Amino acid sequence: MHVARQPIYDRNGVVVADELLFRARATSSGADRSDSHATARVLVAAFTEFGLRDLSGGRDCFVNLTRDFLTGRLPLPFDGTQAVLEVLETTTVDDEVIAGVTALVEHGYTIALDDFVLGGGHEPLLPLASYVKIDLLHASEPEVRAAVAECRRHGHLRLVAERLETPDALRLAFTLGFELFQGDILGRPHVNSTVTLAPARLTRLRMLHALSADDVDMDEVVDLVGGDAALSLRLLRATNNAATGRARTVSSIRDTVVALGLNRIRQWVTLMLVADLTEADPEQLSGVLVRARFAQFLAGAVGLPGDVAYIGGLLSAIADLFDEPADRMLQGLPLDATLVDALTTGRGPLGDVLRTARAYMMPSAEMPPAGTLPAQTSVDTADMAMAYLSAIHSTNTTLAELTADV
Numbered sequence: 325m326h327v328a329r330q331p332i333y334d335r336n337g338v339v340v341a342d343e344l345l346f347r348a349r350a351t352s353s354g355a356d357r358s359d360s361h362a363t364a365r366v367l368v369a370a371f372t373e374f375g376l377r378d379l380s381g382g383r384d385c386f387v388n389l390t391r392d393f394l395t396g397r398l399p400l401p402f403d404g405t406q407a408v409l410e411v412l413e414t415t416t417v418d419d420e421v422i423a424g425v426t427a428l429v430e431h432g433y434t435i436a437l438d439d440f441v442l443g444g445g446h447e448p449l450l451p452l453a454s455y456v457k458i459d460l461l462h463a464s465e466p467e468v469r470a471a472v473a474e475c476r477r478h479g480h481l482r483l484v485a486e487r488l489e490t491p492d493a494l495r496l497a498f499t500l501g502f503e504l505f506q507g508d509i510l511g512r513p514h515v516n517s518t519v520t521l522a523p524a525r526l527t528r529l530r531m532l533h534a535l536s537a538d539d540v541d542m543d544e545v546v547d548l549v550g551g552d553a554a555l556s557l558r559l560l561r562a563t564n565n566a567a568t569g570r571a572r573t574v575s576s577i578r579d580t581v582v583a584l585g586l587n588r589i590r591q592w593v594t595l596m597l598v599a600d601l602t603e604a605d606p607e608q609l610s611g612v613l614v615r616a617r618f619a620q621f622l623a624g625a626v627g628l629p630g631d632v633a634y635i636g637g638l639l640s641a642i643a644d645l646f647d648e649p650a651d652r653m654l655q656g657l658p659l660d661a662t663l664v665d666a667l668t669t670g671r672g673p674l675g676d677v678l679r680t681a682r683a684y685m686m687p688s689a690e691m692p693p694a695g696t697l698p699a700q701t702s703v704d705t706a707d708m709a710m711a712y713l714s715a716i717h718s719t720n721t722t723l724a725e726l727t728a729d730v
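Start counting the sequence shown at 325; every next residue gets the next number (the numbering used here).
Keep in mind the hints are simulated off the structure, nothing from the lab.
Everything numeric in this text was worked out from a predicted model, so none of it was measured.
Among the clues, some could well be false.
[Stated by the list, open to error] Distance ranges between label pairs, derived from CB positions:
no.: 1; residue 1: 432; residue 2: 582; range: 17 to 27 angstroms
no.: 2; residue 1: 478; residue 2: 710; range: 50 to 60 angstroms
no.: 3; residue 1: 582; residue 2: 660; range: 24 to 34 angstroms
no.: 4; residue 1: 416; residue 2: 629; range: 42 to 52 angstroms
no.: 5; residue 1: 710; residue 2: 686; range: 12 to 22 angstroms
no.: 6; residue 1: 543; residue 2: 335; range: 23 to 33 angstroms
no.: 7; residue 1: 624; residue 2: 665; range: 18 to 28 angstroms
no.: 8; residue 1: 542; residue 2: 470; range: 34 to 44 angstroms
no.: 9; residue 1: 720; residue 2: 539; range: 18 to 28 angstroms
no.: 10; residue 1: 432; residue 2: 547; range: 48 to 58 angstroms
no.: 11; residue 1: 720; residue 2: 414; range: 24 to 34 angstroms
no.: 12; residue 1: 340; residue 2: 651; range: 13 to 23 angstroms
Note that CB positions come from ideal geometry on N, CA and C, so glycine has one too.
Let the hints inform the model, and build the full structure from the sequences given.
Pasting the structure below:
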């Protein structure tokens, strides 16, 4: 995990803020400024891996936000005192975005418009913004002057001259009265790195499922958090960094869960899933959960424990997703011997169910021989199709609940 921090200066040359940028590697010179995954990683790193106060020394932090965050599709699990939220120039400003930004401002968040250009379509957000950033590298001087003139019609705005790379650009920014300045001529992005514990993918998926239940089991949530070292560490840090910024004392994982609350836990897990599963696109992640549900439904139809089949389907799909042999992936997991045998050899009634679910969703996979499969002898083709459709519906409902604006 790497976060680049570029300083923002006032007219006296004092660093008054920083922009946080995602870096895939410590040697990377560019940031992905348009991807929700990148934004999620910045937020996770800034508020849990590093601690915002350690990164910024108490200064404001500017963070790029994509449309998913602006409209509430992805949650912001911190309050408005801890960051300045940048609206990217690539964001199409429509009624949904205006409503989302309005709601953020009403909840105390500070908004900045990134790479503002007159006529670019972001003018409706000027009354809602506190900062406007203008690119002095790519915009012509007439474009810069026009943008400044428009912003000065709104007396509350502070202007940030960004991408300052030459003395001439810096002089122009001073002449035009910009309040803040950012660019390589003043200070290049500095990369902060930390070693991140590898997230437990299985625990995250189980947590997603547990938190989507109508009646969330607090004991189960505590157990799942406690079983994931990376998640536990992040949530412990979030206890201090989230919401109020005031330090809280906790003595157990349960204290942490209670301090943050189930809604806040749900927000963080959703955000971390986006950040941690960047290798898997939404369709792949959905496919994992559908396979698990499908196996659960098939098992129930033939009298096998559905919860065991769910975990089996989940593990089988994850192994396929990451192209990892099941026996290697299962090492160290406290699984029942029957489940391990079903996953590694495909034998037994449970193995047949898991192989059926896999073959149904992966036509290239080998279907168990007819007559040896309980699901084939007890579930006809139409019922199997209905089970598959039910699995899709259940998964979509789960994912929709967790991506809703809670």
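Now for the hints, and whether the structure bears them out:
1. 432 with 582: 17 to 27 angstroms: Roughly 24 angstroms apart at Cβ, these two residues keep to the hinted range, so it holds.
2. 478 with 710: 50 to 60 angstroms: For residue 478 and residue 710 the Cβ distance comes to about 57 angstroms; the hint holds.
3. 582 with 660: 24 to 34 angstroms: holds (31 angstroms)
4. 416 with 629: 42 to 52 angstroms: holds (48 angstroms)
5. 710 with 686: 12 to 22 angstroms: Holds: the Cβ-Cβ distance is about 20 angstroms, inside 12 to 22 angstroms.
6. 543 with 335: 23 to 33 angstroms: violated (56 angstroms)
7. 624 with 665: 18 to 28 angstroms: The hint (18 to 28 angstroms, Cβ to Cβ) holds, given that residue 624 and residue 665 are roughly 20 angstroms apart.
8. 542 with 470: 34 to 44 angstroms: violated (57 angstroms)
9. 720 with 539: 18 to 28 angstroms: Given a distance of about 21 angstroms, which is inside 18 to 28 angstroms, the answer is holds.
10. 432 with 547: 48 to 58 angstroms: violated (35 angstroms)
11. 720 with 414: 24 to 34 angstroms: holds (28 angstroms)
12. 340 with 651: 13 to 23 angstroms: violated (55 angstroms)
Going through the hint list in order, the structure does not satisfy hints 6, 8, 10, 12.
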